[in-house]
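Trainee: Chains as they are written, first to last, in my numbering: chain E, 142 to 298; chain G, 23 to 436; chain D, -9 to 170; chain C, 198 to 535.
For the record, the hints were derived by calculation from the structure and aren't laboratory data. Predicted model, so just to flag it, every value in this text is computed and none were measured. All residues carry an ideal CB built from backbone N, CA and C; glycine is no exception. Any given hint could be a false lead.
[What the hints assert, rightly or not] Incomplete in silico selection of chain C near chain G, CB under 8 Å:
hint : residue
1    : Gln242
2    : Val245
3    : Gly246
4    : Pro332
5    : Val336
6    : Ile498
7    : Gly501
[Said to hold, decoys possible] Covered stretches of chain D (in silico footprint by chain G; criterion: 3 or more residues with CB under 8 Å from a CB of chain G, positions within the stretch not fixed):
hint : segment
8    : -5 to 9
9    : 51 to 58
10   : 67 to 76
11   : 120 to 126
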Amino acid sequence: MWESALTIIKQLFQKPATNLFPAKYAPESTLDLLAKVAKQEVALNPPVTVPPHFRGKIAYDRQNCTGCQQCVRICPTKAIEFLPEERKVKIFISRCCFCAQCVDVCPVHTLAMTEEFLLSSYDKFADELVVTDSGELPGSVKRKAKSPEAEEASEDE
Amino acid sequence: MAVNNTEKTTYTIPVGPIHPALKEPIQLDLEIDGEQVVDVDIHLGQVHRSIEWLGMNRNNPVQSIYLAERICGICNVCHPFCLVLAVEQAADIVVPERAEYIRVIAAEMERIHSHILWAGVAAHEIGFDTVFYLTWRVREEIMDMIEYVFGNRITKAIYQFGGVRRDITEEQIPRLKQGLDYYKSIFEQLRRIFLEDETVKMRCRNVGILPYEDAMKLVTVGPTVRASGVPKDVRQDQAYSAYADLDIKAITPDVVTGTVVGDVYDRIIVRLLEVAQSIEIIEDCIKNMPEGPILTEPKMPRLLKLLTDAEGEGVGRVEAPRGEDIHYVRMEAGVSTLSTWKVRAPTYINLVAVPTILKGMQIADVPIAFASIDPCMSCTNRAIITDKATGKKSVVDYETMHRLSVQKTKELQR
Amino acid sequence: MEKLNPQGIVDSFKKALGGGFINGEVYEREVAVKKNRFRRIWIFVKREAFHEAVQHLCRIQEYPHLVIISSSDLGSDVELIYHFTIYYGNHLEEISVGIRITLDKKDLKIPTITDIIPGAIFTERETQEMMGVEVTDIPDGRRLFLEGDLPENIHPWRKDDKKLEKYLRVLPGRKPKGKE
Amino acid sequence: MNLLGDNVLLNAIVIIIGSGIVVVIGTIFGMLYRGIDRKLVAHMQGRVGPPIVQPFRDMQKLLMKESIIPRGAISWLFTAAPFLAIISTSVLLLYIPLFGQPSLLGSYGDVILVLYLLIVPSLAFVVGGFASSSPYATVGSQREMIIMMSYELPLAVVVLTIAWKISQVTTANPFLMNTIASYPIWNLVGPVGIAGVILMLLALVVVTIGEAAKVPFDIAEAETEIAGGLLVEYSGRNLLLFYLADVVKAFAMVALMVALFIPYNLSPYIGVQAAFPAGIIDALFFLVKVFVIMFFSVTLIRAGMARFKITQASAVYVIAMTAIALVGMLLIWIDSMI
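Use the sequences and the hints to build the structure in full.
Mentor: Right, dumping it as structure tokens:
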């Protein structure tokens, strides 16, 4: 009994461990709060920081993609849809299971995992949940240079 | 209402299918007489998701790893570990030693977080919410370590046929060591809170006893059987992966109390000591982890081709936090999916022992006695059905099937 | 009975079962850096000698550890494997013993072993409902996982059982694919 | 306030309005103390916890929610029970001296009536539980009855001892709440008696948790065992009435503890004689006293212990607490001998 009694008294005066994201208490009306946040009158408490290799939302460098469909074939939840006419892909984040298998398998490294994890939305097919193009990726191998990996990957199929 | 013929009227009190204590989709029909539990009947199948069927029909083996990972929210290292071991035996893939060590580190980190999670839930079952919050706050440290090393708190996506997908680099090691030291420093306080608190002893001593004989006869596994004195532990008996190099000894309660009663209190002892054991195992693995590659076949197309041509069968047995977990896999040449995939989670077998544990208990003891086998229902249920239909012969498309089920629910409500 | 090596166990089975014993296989494998041995035995048995085989295994070790019954559909017949392990309890001593029986699809019956190992009740009930194998004089033959409203004659693990397609929910927004 | 003198009509009106005010203020402070209690327990557990006005938000939410009556329940009894609970706890407030002032009806009712009024809400809970025909509620009601009976014993022993001690000192009716408030027990006993009174205080602290139905003794509404026990079928307005009854009963019990053991007022010591400021100071001092008692008897123990089983709980009351109370009585009796 005394061990827990000691701990609770100590904790009474220590800072609580709860992370107060987004606000300390539930607001009277969430819409007003979000409106104020949009007008920068109120700042939300930041969420818990994520480590470097965190696997969050996918980023897709559309311009560099060769349309080899390896990612479409390997995706466990069939979250990547191939667009035959432009030979590009579209990724549905609502179905994605964040396993980063497509990132590993892509021969030209056009896919990468960002650190964004606030992905809630009312509509499965909303814009922020369907990744079509997220621009230049730091690590992606330029297609124009026809890197050796790309050739070796294509004759493997 | 199971009314039996004795003059004393007993009535059935349903615990489940969704019960605030169990938080798991299982239905226990307790037949009680006053406050005494006379008989228990178990109903399963409320959350069956046809994982085996998907593995046999839709997914290629690599995709099935991520399916296996989602069999259970807490123990999501043991299922892919089993599947990977089984398929490697079937397709005869050799795993590099460094990968073996990283796999064991992942498994032991999961055991620490799973046991501490269970300790918190057990404290909540007996109404000791302060300890519940304290334990889950202590658990945050291991979750941060897992997130730092594997990228995600829960779904670690580290297992691959023939090794692991990411390496534990040199600069990640200090963060791991710092976390382990934190656990060593706080372990003494946790032990005192759980094992020396009068109210915990009052609620856990001589509650939910599983005698040695019954534990052997009912083939229970994991901490539940070790608490009854049976030294059954797959890491010790049939050492797989890097466990063969480490000398693991199955933990039984007589290490601390000198006697074995086989009740909830003993299960707390076994699980707490296993957390300490896991800490040592991780340190050993980090110390003598050999250098070298982490994946025998990094090229995915070639790996898929190798798996499709594989022929044979394999049995993967792993000591999950809740007990022995086994996957039986059979592969046929030319078939891209696994032709047979049998998953047996530890709770599946421990459930058989639940009636023996619960008989004679008071209702107040049922949640803690049942939670003491650390049930994980999502592991145990894995079959088929997603929608109801009235068995019509013609092909039913999605809309009509939906209309049928809506119509059926209306009938039930009337 | 004192500890036997894997080959010794196979011979003792052959002696005990006589005609019912079809074949015995020993499988060994090195594990991890220190190359410790990992051993498994497959015993192929006829259905008539099956109950006797389990009793013989109980003579080798008083309470063998029954892991699971796995069943696979091989087209014309079904193969049941009873996964046991014996000599558990000390370091690297455990041997897993798999007793395998092939049953013809026309008469899928197997005697129960709950009289020897009461813990086998759940896995027998699951084999009964998933594969359609009828376990004779099983103490509690109710369905385990597929309670409720699934019709009785559906056995999900059967390869030839296409009644299941009807229950498949096709993903919204995607046309239903052909027969999977 | 002895208003019996002049005409009866005026007197009745004053009492009606007075009791209305006392009940409303008592409920508000009861809710505030429940909010403070939850906030303190949260911080003890390392959490931030809800704001102090959370009980008022719960009330608001429950008022909006629909009140469902289960098909198998005895509907009239099911809805009558919450009203019985709230009425008896409100009346309880009228008899207990609050905010340092003598209680509104102090001269009419005495301690025995207060003890009786403490039982009626528990009875209402039990009747509500049995009326809702759910197996969980039935088991919950059985437990509530057992707990109710077991903590009556130590409570009765303590109150009788205090009344007996006061009767030795004055000729006025020792059971009247006002006489108890005017003769603090601590000044009447010698050193040996002080030990007895401390023992009795300890027994009454444990009884307070039983009355407030908090963790070690909240077996009747054990959420993890019988899914909310008594109140499992209640929702909306009915649940709100039970919630208010529970809050007010806890507040009244702690106020009773203050009246029995710490009836002192601060104003004489500071020398503030004028009626109005003295009243304010006494009221504030009363609130501090209630907070201290609530912290040590309910909050601290609720955060530090696990829930007992029904057998253990009644054993604690019938055996342990009764023994402590009896030893306390013995000491006081011996003290009066010396």
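Trainee: Decide, hint by hint, whether the structure agrees.
Mentor: Against the structure, the hints:
no.	hint	result
1	Gln242	holds (4 Å)
2	Val245	violated (11 Å)
3	Gly246	violated (11 Å)
4	Pro332	holds (4 Å)
5	Val336	holds (6 Å)
6	Ile498	violated (10 Å)
7	Gly501	holds (7 Å)
8	-5 to 9	violated (count 0)
9	51 to 58	holds (count 6)
10	67 to 76	holds (count 3)
11	120 to 126	violated (count 1)
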